Amino acid sequence: MRSLVRPAQYAALAFYVLFLGFPLLWLISASVKSSGELNSLTVSLLPQEWHWENYAQALARQGLVRSAWNSVFVALVSTALVVLIALPASYVLARLKGRVRTAGVGWILVSQVFPVILVILPLFLVLRTIGLTDSLVGLTLVHTTYTLPFALWMLQGYVSGIPVDLEEAGAMDGADRLTVLRLIILPLLAPGVVATAMFSFVSSWNEFFFALVLLQSPENYTLPITLKMFIGGEGKVALGPLAAGSVLAAIPSIVFFSIMQKKLTGGLMAGAVKG
Amino acid sequence: MQTRFVSVAAGLSATALLLTACGSGEGDGGPVTLEFQSLSDQPAAIEATESIVAAWNEANPDTQVEIVPAGWDGIYDKLITQFNGGAAPDIIHYEAAGVVPFAVDGYLADLSDHMSEAARGDIPPGVLDSVTVDGRVIAYPTEMQSYVVFANRGMLEDAGVDVPTGETMAWEDLREIALAATTPDAHGLGWGLSSPTAVFMAMAPAFGGSYFEGSGPDAALAIGEGEMALPELVDAMAHEDRSILPVTLTQSGTEALPSFYAGDVAMTVQGSFQAANIAADAPEDLDWVVLPPLEGPAGPWQAANPQTLSVNIDSEHVEESAAFIEFFTSTDNLAALNEADSLIPATTSAREVMGSSLEGENGWDAVLASGEYLESSPYLFVDAYAQWKDTVATPAYQRFLAQEIDADGLAAELENGWEEITR
Chain A
1 MRSLVRPAQY AALAFYVLFL GFPLLWLISA SVKSSGELNS LTVSLLPQEW
51 HWENYAQALA RQGLVRSAWN SVFVALVSTA LVVLIALPAS YVLARLKGRV
101 RTAGVGWILV SQVFPVILVI LPLFLVLRTI GLTDSLVGLT LVHTTYTLPF
151 ALWMLQGYVS GIPVDLEEAG AMDGADRLTV LRLIILPLLA PGVVATAMFS
201 FVSSWNEFFF ALVLLQSPEN YTLPITLKMF IGGEGKVALG PLAAGSVLAA
251 IPSIVFFSIM QKKLTGGLMA GAVKG
Chain B
1 MQTRFVSVAA GLSATALLLT ACGSGEGDGG PVTLEFQSLS DQPAAIEATE
51 SIVAAWNEAN PDTQVEIVPA GWDGIYDKLI TQFNGGAAPD IIHYEAAGVV
101 PFAVDGYLAD LSDHMSEAAR GDIPPGVLDS VTVDGRVIAY PTEMQSYVVF
151 ANRGMLEDAG VDVPTGETMA WEDLREIALA ATTPDAHGLG WGLSSPTAVF
201 MAMAPAFGGS YFEGSGPDAA LAIGEGEMAL PELVDAMAHE DRSILPVTLT
251 QSGTEALPSF YAGDVAMTVQ GSFQAANIAA DAPEDLDWVV LPPLEGPAGP
301 WQAANPQTLS VNIDSEHVEE SAAFIEFFTS TDNLAALNEA DSLIPATTSA
351 REVMGSSLEG ENGWDAVLAS GEYLESSPYL FVDAYAQWKD TVATPAYQRF
401 LAQEIDADGL AAELENGWEE ITR
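Which chain is which? The protein sequence lines are A and B, in order. The UniProt record's numbering numbers the first residue of the first sequence as 1 and each following residue consecutively. The UniProt record's numbering numbers the first residue of the second sequence as 1 and each following residue consecutively.
Source of the hints: derived by calculation from the structure; they are not laboratory data. Treat the hints with caution; some may be incorrect.
As the list claims (entries may be wrong) - Here are some chain B residues the structure puts well away from chain A; computed CB gaps all over 10 Å:
id, residue
1, Asp41
2, Ala70
3, Val163
4, Gly224
5, Leu257
6, Asp314
Stated by the list, open to error - Sample of chain A residues at the chain B side, in silico, Cβ under 8 Å:
id, residue
7, Leu25
8, Leu27
9, Phe124
10, Phe209
11, Pro218
12, Gly232
Said to hold, decoys possible - Taking CB as the label site, the calculated pair distances span:
id, chain 1, residue 1, chain 2, residue 2, range
13, B, Ala220, A, Phe257, 50 to 58 Å
14, B, Glu419, A, Val110, 46 to 54 Å
15, A, Val237, B, Ser357, 38 to 46 Å
16, A, Ser217, B, Glu316, 38 to 46 Å
17, A, Asn206, B, Glu316, 33 to 41 Å
18, B, Asp218, A, Gln112, 37 to 45 Å
19, A, Gln112, B, Phe327, 31 to 39 Å
20, B, Asp77, A, Trp50, 45 to 53 Å
As the structure is a computational prediction, the values presented were derived from the model and not from experiment. Every residue, glycine too, gets a C-beta built ideally from N, C-alpha and C.
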């Protein structure tokens, strides 16, 4: 009986991976199909004929590469800013006691109840006043501030999970607070930082509405805006080029995740403090 | 989606001083530059638009037009923010149903005095009405679509049906042909009605249905025989005759096309622009044809919701913008644009030019003929229409087509829902 458990686990895992990966497989399949095949009742994962020209059309038609660079810039910079700001702030939120902490946490929660449609007009006016509409810098700032509250909330949970005893032990060995933070807290917080960075990156990478309203010039468009332009009025969709563009658009995100996921290790603190 | 308004404002305040130097500067008295926010999405239409703008720029060195491409998705939100933020482009591409509310709210320039008599006379009165608000022309109509019937000639002939060729075709004829073409292996008709309100609203004029009386906030909804005729006809064809392929009622028009290509249905009702897609995607051996415009008791009329070009009322160059639009909508330009977009020109002369150049290719003669029967519809001028359509009408029609409610129940839901949202 026990010998069946491991194969069953692998089978379940394989099924789960297939389940998660199937939409991507289907997207790749659609990206090399002709318009006629995509509009046929015959459904097949493997294309009848391979139409690589969808990729050429996607790359040529809508400035996809330029938009990808814009998205990479906005997502990476906003992610870096979010982590830089959230890291010390979350430590303070997690360790501080009293009214300041309560007010800080309340501030974060209250800031999340406003629907985007309510925010967009005053935000547009503020950005216009300071000359940051139609600007990647402006969009980066918006993405940073948009993601920051949840990132703070997320990271302070990780900080709270690190026993204060570890900091006190470091202090007893003669380390000052900065040394404790650098040598004890930061390494233990690495998985939390990685998770927060991934969350920030994805939030910015996929964000559509702020980019739609704030960006005017095609040279500033990010990927979600450019990909949406494959979908026209009257229900017209260039499905093959759209799928090809979506596959290409997913590559930077996949690269980022494949690099970051290696850092997502847990259990570092197991046994650090005696129960 | 949740947002973090307070944090956004705080973050921006903190960085505002550092970044104010990034603003853009103003012009210095050189040639006037007009921003033209274009929604053209098809490669050929983008090319046609660029070609028209290039011709204008070459002929008008003092008034240059710059295309700002945008997508249809989310364009209303983008425009409303641009208008309120004082950043809207000079020339705005959209559709009549979208620009009328902007005109009512005072965001669009009155183009009545800028539109030449020749241009005005070239636009059918019913189409011009669709862009006229309180007596002011607030946009030039450019491209339109109608709903037409695409038919598989071979399947109709196999069913012993003479393919209609007259100037119009009665709705009852469509019902009879669909029934005749229904076999154990195929249905007579496929009709993508996942968004039924737009279709029923557009085709109701043939039955004398107008839905609304009055305009703006004072509009009243009236559901009578004219409004119920088409939903009841579809219901009868789907559930009594069983001549409509049921699954297509839950699909979009585009999603229903594969059934037409596969020979599962002999005919399909589609937006006229699908002629180009069918020409490109249908199997080579599919002999298809566009049937004459559908005619009801009140005529072959359909509601027009043309694509439009308007001018921002806050533009410093309303006159120049109107002059550009006049050029953009000249006969040859409009014919070229519509041919590229597979749509119907909003002017009579452009329709004639397009008819001559296409010579009936891909059913274009029938498609262009259907354009003669497009007229304005009251729903374009009703404030709460969009809300009623999304929250009341579409769910009610879907429930009716799924036989969850009967015709009386449908009428009651439509009227009660209207009363609730306008109370």
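Here's how the hints hold up against the structure:
no., hint, result
1, Asp41, "violated (3 Å)"
2, Ala70, "violated (8 Å)"
3, Val163, "holds (24 Å)"
4, Gly224, "holds (29 Å)"
5, Leu257, "violated (6 Å)"
6, Asp314, "holds (14 Å)"
7, Leu25, "violated (21 Å)"
8, Leu27, "violated (18 Å)"
9, Phe124, "holds (4 Å)"
10, Phe209, "holds (7 Å)"
11, Pro218, "holds (5 Å)"
12, Gly232, "holds (3 Å)"
13, Ala220(B) / Phe257(A): 50 to 58 Å, "holds (55 Å)"
14, Glu419(B) / Val110(A): 46 to 54 Å, "violated (36 Å)"
15, Val237(A) / Ser357(B): 38 to 46 Å, "violated (27 Å)"
16, Ser217(A) / Glu316(B): 38 to 46 Å, "violated (20 Å)"
17, Asn206(A) / Glu316(B): 33 to 41 Å, "holds (37 Å)"
18, Asp218(B) / Gln112(A): 37 to 45 Å, "holds (39 Å)"
19, Gln112(A) / Phe327(B): 31 to 39 Å, "violated (49 Å)"
20, Asp77(B) / Trp50(A): 45 to 53 Å, "violated (39 Å)"
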